[in-house]
Amino acid sequence: MQINLTGHHIEITDALRDYVDAKFSKLERHFDHINNVHVILNVEKLTQKAEATLHVNGGEIFADSEHQDMYAAIDGLIDKLDRQVIKHKEKMKRH
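Residue numbers (the working numbering): 1 to 95.
These are computed hints drawn from the structure, not numbers from a lab.
Don't take each hint at face value.
[Said to hold, decoys possible] Straight-line alpha carbon distances no greater than 30 Å define the calculated DSSO-like cross-link-like pairs of lysine-lysine that follow: (1) 93 with 80; (2) 49 with 89; (3) 45 with 89; (4) 87 with 45; (5) 49 with 26; (6) 26 with 87; (7) 91 with 80; (8) 49 with 91; (9) 26 with 80; (10) 93 with 45; (11) 26 with 89; (12) 49 with 87; (13) 93 with 26.
Could you build all of it, start to finish, from the sequences and the hints given here?
Structure representation (structure tokens):
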């Protein structure tokens, strides 16, 4: 799985990159048909926003999350993506 990480108004530090990689590897354990991921970390005044698009077999999955802390925003993003990936996986099994 290839992860493209982009920062808007934020410098992508090694610590942030490692955190994102670790979280997405956990997501990949649930569903291994993720081709690539585009993650955008954005800072807007007091709000930290993380959003991601997953390119999977059979479509795309998008989610975003906002929080005052970037790491918490990434955690929220992963939670949302995890639920969507599980739903997508169940749909794939039915067909």
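Hints, verified against the model:
{"no.": "1", "hint": "93 with 80", "verdict": "20 Å, holds"}
{"no.": "2", "hint": "49 with 89", "verdict": "26 Å, holds"}
{"no.": "3", "hint": "45 with 89", "verdict": "37 Å, violated"}
{"no.": "4", "hint": "87 with 45", "verdict": "34 Å, violated"}
{"no.": "5", "hint": "49 with 26", "verdict": "20 Å, holds"}
{"no.": "6", "hint": "26 with 87", "verdict": "16 Å, holds"}
{"no.": "7", "hint": "91 with 80", "verdict": "17 Å, holds"}
{"no.": "8", "hint": "49 with 91", "verdict": "29 Å, holds"}
{"no.": "9", "hint": "26 with 80", "verdict": "13 Å, holds"}
{"no.": "10", "hint": "93 with 45", "verdict": "43 Å, violated"}
{"no.": "11", "hint": "26 with 89", "verdict": "15 Å, holds"}
{"no.": "12", "hint": "49 with 87", "verdict": "24 Å, holds"}
{"no.": "13", "hint": "93 with 26", "verdict": "21 Å, holds"}
Against the hints set out earlier in the document, violations occur for numbers 3, 4, 10.
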